[in-house]
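Asks: Kindly generate the complete structure, drawing on both the sequences and the hints.
First to last, the sequence lines map onto chains A and B. Okay, so the first sequence: first residue is 5 according to the numbering used here, each after it adds one. Okay, so the second sequence: first residue is 64 according to the numbering used here, each after it adds one.
Honestly, the hints are just simulated from the structure, not real lab data. Just so it is clear, the structure is predicted and the values come from calculations on it, not from any experiment. Careful: at least some of the hints might be erroneous.
[What the hints assert, rightly or not] Calculated pairs, EDC-like style, for lysine to aspartate or glutamate (alpha carbon to alpha carbon, straight line, at most 20 angstroms):
#1 B:LYS170 with A:GLU442
#2 B:LYS75 with A:GLU443
#3 B:LYS198 with A:GLU508
#4 A:LYS223 with A:GLU238
#5 A:LYS98 with A:GLU49
#6 B:LYS231 with B:ASP367
#7 B:LYS323 with B:GLU164
#8 B:LYS323 with B:ASP353
#9 B:LYS170 with A:GLU443
#10 B:LYS267 with B:GLU290
#11 B:LYS170 with B:ASP211
#12 B:LYS170 with B:ASP209
#13 B:LYS170 with A:GLU444
#14 B:LYS198 with A:GLU443
#15 A:LYS8 with B:GLU290
#16 B:LYS75 with B:GLU356
#17 A:LYS42 with A:ASP284
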Amino acid sequence: MTAKLQLRIIVGILLFVGVGLTAFKHLELGFPLLPGTKETVWTAEAHVSFRATGEPVRVTLSLPVNTNNLLVVDHSTAGRGFGFHIEEEGRARKGVWQTRNPSGEYSLYYRARVYRGGLPDLINALDAPASPEKPVFSQAEGESADSILAEAYEFSADNEGLALRLVQSLTAQEPTPAVLALIGENPSRHVRVNAALRLMHSAGIPAERVRGILLEERKNSSRLTDLLAIWNGEGWHVIDFDNAQVGLPELFLPWQFGGDALYEIEGGVDSSIRFSVIADQISGRHAAVTYNTEIGSSLIDFSILSLPVEAQNAFATLLLIPIGALVVVVLRNIVGLRTSGTFMPILIALVFVQTELLTGLVLFLIVVSSGLVIRGYLTSLNLLLVPRIAAVLVVVITLYIALSVIGFRLGISEALSVTFFPMIIISWTIERMSVLVEEEGMKEVFLQGGGSLLTAVIAYLVMTNRYISYWTFEFPELLLVGLAIILVIGQYTGYRLSELRRFEPLARKD
Amino acid sequence: MLGLATPRQLAKAGIVGMNRRNVELIAQNNPRHLYPLVDDKLQTKKLAEENGLDTPALIGVVRLTGQIKEVHDFLKPHPQFVIKPARGSGGKGILVISGREGDDYVKPSGSLIGFEAVARHINNTLSGLYSLGGKPDVAMIETMVDFDPIFDRFTFEGVPDIRVIVYKGFPVMAMTRLSTAASDGKANLHQGAVGVGLDIATGKALRAVQNGTPITQHPDTGANLAEINVPHWENLVRLSARCQAASGLGYLGADIVLDKSEGPLVLELNARPGLAIQIANGTGMAGRIDRVEQLIARDNPPEDAVWRANWSMKHLAAI
Ligand SMILES: Nc1ncnc2c1ncn2[C@@H]1O[C@H](COP(=O)(O)OP(=O)(O)O)[C@@H](O)[C@H]1O
Ligand SMILES: [Mg+2]
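Replies: See the structure below:
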């Protein structure tokens, strides 16, 4: 009774932890539940070109920063003959290229991969600004500015409201005369943002320009866009000029903040800068791994994914073994199939994974049946057990060689994969089957041999299933769920499927 | 439908399935540390002798390969004997010799084998061929049971043995296993022996099956199996009940044979007896087990083996 209760508790805990971790990885870390789920990843590139004047060159470029929704991973830079480093100056990141003896035209690239999901907003983390300098307006501008500000002031309660009202009037479909006078008809967005900045500054409110690229799902983009960031006394708030909304648009990749120049060149002329963003669809799983590695998620640091690739591959196979075990448990205890050797079918299934099913089956049958014939002869030699098994082992290896060579000669290269079969296991299988022939007859051999092969084939099919292999590798915590199922089956006292047949005559009588 | 029963039908018929046997009957009643007592026939023999259970006499034990060459002379005074691996199971590695012809040994089937064959058999036994996991073993030589002629008509060579399932000291179900030509003198059901369910109260045949199908006549002798009526039945049932007390196993199968002169002898004890006995009896044993549980829970029955055997014979046959 207590054993049963204990088991229930253990199973409950296993299920909770296994399913919980899986859910966490899916929901929080973004690991897709299904293989083949795609996610957009952007490659953002800035391309600076200029002509060197012959003096030492120093190029400084603002670099994109993380947002709440986007994670930037520096990818590569190019600039032949230039040294490159990144300078972090509080709120901004800058890439610096330097060279001493330049000549001619130059092109410098900076590339970053941008993933979905991000870190705490850098913009929000910026320091409080000093009070802005009052901008200088001409007489006419000054009057318009005053009236615009007065109107906005009237219809707002705080800095943020004021900024919003300003943005609204600067972007209104039918601008007031004052707005027209200040920025003219159909001004560019740049001009509008400039005007907004000057207005805010003249009202004594710290405000900055945020430049960046609005990324698009599944689409390339290349235009820099301006947003307005204002200080409301406690923190920075970004206002989207397009819809006069507060907050950074979800897919906005900030590249430059404030008055700092987007790029600066010393020792070069005729410079220009181009941006481009390419949207790629990559596997969601890959995106999640890169992303979580980048932010140093401890669940990744302490998982298989932190191991070297070969070790990961080894585990990809190892993690299939419990699945095989589960199949064996189900087939033996619930279906009631008989197998020769409890876990021999799993090993055979693993071989099938490497050789392909049909090849594996044929090779297995050839090796085991010729082994049985030869072992049958060994019986009459009256050998001791260990030397006999050793002899079978040698026979098995000889069979491997013969099969490989003959197969290869005949142009059947599949025969070469016979070496995947574990020799010791095959030898023991032959030994056990041959004893079975002597003691219980051929029928039992076919029964158990067939049961083993059937189990191996089913285990193979399950183990090579795309979903199963994905889940076992990406969510190794599901092992715990497997363990829970095995424990439950371990206490299953109901009938096996085969018993429905075996005891059928008894049921009929009633 | 399709020759399949539903789980509900089986439950209603009181069938105990493999999983229930393993989880409830074996795991809960048979402590692991007792297994060696019955898995090693040599220990069982000692146990039986200490507890005064009748069993075929031990002639000798071959423990080393070097001793094999002495066996021929050693066995001279014993025309009939049986060699078996101490840790064998399922009839594996049992060599029954029923007589001599010159230097040759006669098997129950009548075929002759030379001493080399016997030596090889012992050699195989010692090297563990017949034992679980291939572990090195010892070969036991015991007297062949001179079986009661009452069974002559019902068996083709070999000794028919009677399997009694004893649950917590109460014999709950019994059957006899009759060798056939197919089973080469051995009485193991999956080797083709005939299983005959026996009335636990009287030792009379209830029904017979071979390879899972009901039969009425012995396939080799043609005898009407319904006429089987095991003599010394009460002694036999009591002997089986005493096996529980001796071994401590709560769920055991006692294999008992009837010797012409010595009566019921314990051949071996089994800590994991199979379920085919239900088919041979034509009825499940869950009902009887429940009845025993009920008795234990309610009436605090005496430990005495004879009392328990008598109670079983009186109360269980009808269930
Ligand atoms: N002493 C014996 N005399 C005659 N037959 C025997 C003897 N011992 C075993 N046998 C035969 O071998 C069968 C199996 O023997 P058993 O001791 O039950 O070994 P196992 O554990 O392999 O079932 C018996 O049912 C019986 O037919
Ligand atoms: Mg037996």
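Asks: Now tell me, hint by hint, if it's right for this structure.
Replies: Outcome of the hint check:
1. Pair hint LYS170 of chain B plus GLU442 of chain A holds up; C-alpha atoms about 16 angstroms apart against a cutoff of 20 angstroms.
2. With a CA separation close to 36 angstroms, the supplied pair LYS75 of chain B and GLU443 of chain A exceeds the 20 angstroms bound.
3. Between LYS198 of chain B and GLU508 of chain A, the direct Cα distance comes to roughly 38 angstroms. Violation of the 20 angstroms bound is thereby established for this hinted pair.
4. Between the alpha carbons of LYS223 of chain A and GLU238 of chain A the distance comes to roughly 36 angstroms, so the proposed pair goes past 20 angstroms and is violated.
5. Taking the CA atoms of LYS98 of chain A and GLU49 of chain A, the gap is about 14 angstroms. The hint holds against a cut of 20 angstroms.
6. Between LYS231 of chain B and ASP367 of chain B the CA atoms are separated by roughly 11 angstroms; this keeps the pair inside 20 angstroms, and the hint holds.
7. Our distance criterion of 20 angstroms between C-alpha atoms is broken by LYS323 of chain B and GLU164 of chain B, whose separation comes to about 24 angstroms.
8. Between LYS323 of chain B and ASP353 of chain B the alpha-carbon distance is near 36 angstroms, which puts this suggested pair outside the 20 angstroms criterion.
9. Between the alpha carbons of LYS170 of chain B and GLU443 of chain A the distance comes to roughly 16 angstroms, so the proposed pair stays at or under 20 angstroms and holds.
10. With a C-alpha separation of about 8 angstroms, the suggested pair LYS267 of chain B and GLU290 of chain B falls inside the 20 angstroms cut-off, and the hint holds.
11. Using a Cα cut-off of 20 angstroms, the hinted pair LYS170 of chain B and ASP211 of chain B holds, with the two alpha carbons roughly 19 angstroms apart.
12. Distance restraint check for LYS170 of chain B and ASP209 of chain B: the Cα-Cα separation of roughly 14 angstroms lies within the 20 angstroms cut-off, and the hinted pair is therefore satisfied.
13. A threshold of 20 angstroms between alpha carbons decides the hint, and for LYS170 of chain B with GLU444 of chain A the separation of about 18 angstroms falls inside it, so the pair holds.
14. Taking the CA atoms of LYS198 of chain B and GLU443 of chain A, the gap is near 18 angstroms; set against the 20 angstroms cutoff, the hint holds.
15. For the suggested pair LYS8 of chain A and GLU290 of chain B, the alpha carbons sit about 46 angstroms apart, so the restraint of at most 20 angstroms is broken.
16. Restraint check for LYS75 of chain B and GLU356 of chain B: satisfied, since their Cα atoms lie roughly 18 angstroms apart, inside the 20 angstroms limit.
17. With a CA separation close to 9 angstroms, the supplied pair LYS42 of chain A and ASP284 of chain A stays within the 20 angstroms bound.
Checked against the numbered hints above, the structure breaks hints 2, 3, 4, 7, 8 and 15 and satisfies the rest.
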